[in-house]
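Engineer: Residues per chain, in single letters:
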Amino acid sequence: MFRNLGELILLFTATVRALPRVWRERRKVGEQLFDIGNASLFMACLLSLFIGGVLSLQVGPVLVERGLGSALGGLVALSMCKELAPVMMSVLIAGRIGSAMAAELGSMRVYQEIDALRTLNINPIHYLVLPRVVAIAVALPCLVIFSNLVGWLGGALVAAHNDRIAVSWTAFFTNLQQQVEFGDLANGLIKSFVFAVLVGVVSCHQGLSTLGGPRGIGRSVTKAVVNSFVLILIMDYVLTRLLLPFDDGWGI
Amino acid sequence: MASAANTTGIPVTVRGLRKSFGGEPVLKGLDLEVRAGEIFALMGPSGSGKSVFLRHLIGLEKPDDGEIQVGGEAISNEGIGDRFRLAMVFQSGGLLNSLTVAENVGLYLAEHRLKPATEIERIVLEKLALVELGPEDAGKYPSELSGGMKKRVAIARALVIEPQLILFDEPTSELDPLVALTIGREILNLNQRTGATTVVVTHDRDLAFGIADRIAFLLEGEIVALGTPEEIRSHSHPLLQRFLKAEFR
Ligand SMILES: Nc1ncnc2c1ncn2[C@@H]1O[C@H](COP(=O)(O)OP(=O)(O)O)[C@@H](O)[C@H]1O
Ligand SMILES: [Mg+2]
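Protein chains in written order, with our numbering: chain A, 562 to 813; chain B, 974 to 1222.
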C-alpha cells in the first residue's frame, strides 16, 4: 500500500517533469482526447440528466412545503457544480477510461511491448503516460462543464413537471443565475482537475506495474478502478475542506 | 564470423553476474565473453535463466551483483544505447499492437526525430525487404501477421537501429521448421553483412549448432560448458549430453 503510494508519487513527478514535451506528443494527446470523448460523452449526458433530476426530486418537495420553492434552482445547481458533477464524472472516467488505460498498458507490459520501447530508447512515461494523463486532465473539466449544463437542465425539467414541486422553468433558472457564481464553477473544476490527474496516474501506474501474465491484467484493471474511487472520495473531502475559505456558501 | 574489414560489432564481457527474484537465485555468477562480431548462442533448458541473462545485456534488468561491459563500458540502466547501438528481438516479437508494421519498424527514427518522414518510409521499406517482407505488408497490424512474420518485423525494427550488438530471444520458438530455417539463415546473413555481434538465446539445437560461432550452455543459472559447436558436441557434461542427444526413439 505505502510502496504503491511512493511509486505513484514517483510516476506523478516524472510525468510533471515530462510536461515540456507535451507539444511534441500533441498528436497522441489528441487521439486520447478523441477516445475519451467518444467513450464518455453519451454516458456523461445520461448520468447528469438523471443526477440533476433526482436532486430536484429529493429537495424540491421539501423546499416547496416550507415555501422555499424559489430557492430550488440555486440549490440543485450548486450541488451539481460543487460536488456531484466533479465526483460523478471522475468516477465515470475512472470506470470507463482509467480501466481501459490500465488494461492497455497492462497488456503492453505483459506482451513485452514496454520492454521493446525501452530497448528502442523510448521512455514509456513520455510515450504512454504523459499523453494519457494530459488528455484526462483536459477532458475531465470540460466534461464537468457539460455535465453541469445537462444536470441543471434535468433539475429544471423535473422541477417544472413534477406536481409536488411545480417550480417553473423561469423561476428555477432565475434563482440559479442569482446563486451560482464563477467561484462555484471554479471550485468544481479545480476538484475535477485534481481527480483527473489522480485517475490518470493511478490507472497508468497499475497498468505499467502489471505482473504475472494475462491474469495480471484483470487484477490491474480492478485495482486501478477501486484505487481511483477511493482516492477520489478521500481527495474530495480534502479539497472541499481546503477550498472552504473561498466558498461563498449555499445561498439559503 | 564477419570479416575484419566490415566489423562494427562490439564485445560483451560479463563477470560474476548474479540475479535472484524473490530470494530465488536465477543466475549464480556468470562469467563469459562474447567476441566482437561473432554469433554467440546461449543454450539451456526452459527456465534456466536465458531470457533473464539476455535482458541484463540491454539494461532491462539490474544485476544484483557482478559487472556487464558492452563495448568496453559498464552498462547502466539509464542511457541504454546512448554510447552504442543495441537492439533486441523479443521472443514474441514485442511489436506494438496499436501500430502498423511500418510504424513499428520506423518507430525508433520517428520518435527520436532522426529522419524526415519520407526518408523514414524509404528506410522502413528497405529494412522490410531485408527480411523478405514487401510494401504490401507495411500497412498491416501485428494481429494480422503470422508468428514468423511478426519475428521478421521485429528483426526489421531492430535493424533500423543499425545495431552493433543484436540480441535474439528464442528466435525460432513457435515457428514451423521451415520458417525457423529461414529465420536462422537471416540471422546468419545479417551477421555476415553488418558484422554486428549477435547473441542468440535458444533451446533449439539445430539453430545453435547451425549458425553459432561459439555456444555456451546454461544450466540452473551456471555456465557449464562454453566453446565451439564441435567442442560442445564432445563435451563430457552428462546433462548437456542428455539435452543434446534427446530423441523420442
Ligand atoms: N521478473 C521476474 N520475476 C520473478 N521471477 C522471474 C522473473 N523473470 C524470470 N523469472 C524466473 O527466472 C527463471 C528463469 O526465467 P527465464 O530466464 O525466462 O528462463 P528461460 O531460460 O526459459 O528463458 C524462471 O524460473 C522465472 O520464473
Ligand atoms: Mg526465455
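Some hints could be false.
EDC-like, lysine to aspartate or glutamate: derived pairs with alpha carbons at most 16 Å apart [to be verified]:
hint: 1; chain 1: A; residue 1: Lys589; chain 2: B; residue 2: Glu1099
hint: 2; chain 1: B; residue 1: Lys1001; chain 2: B; residue 2: Asp1037
hint: 3; chain 1: B; residue 1: Lys1001; chain 2: B; residue 2: Glu1046
hint: 4; chain 1: B; residue 1: Lys1088; chain 2: B; residue 2: Glu1105
hint: 5; chain 1: A; residue 1: Lys784; chain 2: A; residue 2: Glu568
hint: 6; chain 1: B; residue 1: Lys1088; chain 2: B; residue 2: Glu1076
hint: 7; chain 1: B; residue 1: Lys1218; chain 2: B; residue 2: Asp1177
hint: 8; chain 1: B; residue 1: Lys1035; chain 2: A; residue 2: Asp676
hint: 9; chain 1: A; residue 1: Lys589; chain 2: B; residue 2: Glu1084
By construction, these hints were calculated from the structure, which means they are not laboratory data.
Engineer: Evaluate each hint against the coordinates.
Structural biologist: These are the hints, each one checked on the structure:
{"no.": "1", "hint": "A/Lys589 x B/Glu1099", "result": "27 Å, violated"}
{"no.": "2", "hint": "B/Lys1001 x B/Asp1037", "result": "10 Å, holds"}
{"no.": "3", "hint": "B/Lys1001 x B/Glu1046", "result": "22 Å, violated"}
{"no.": "4", "hint": "B/Lys1088 x B/Glu1105", "result": "23 Å, violated"}
{"no.": "5", "hint": "A/Lys784 x A/Glu568", "result": "15 Å, holds"}
{"no.": "6", "hint": "B/Lys1088 x B/Glu1076", "result": "14 Å, holds"}
{"no.": "7", "hint": "B/Lys1218 x B/Asp1177", "result": "12 Å, holds"}
{"no.": "8", "hint": "B/Lys1035 x A/Asp676", "result": "14 Å, holds"}
{"no.": "9", "hint": "A/Lys589 x B/Glu1084", "result": "12 Å, holds"}
In this structure, the hints that do not hold are numbers 1, 3, 4, in rising order.
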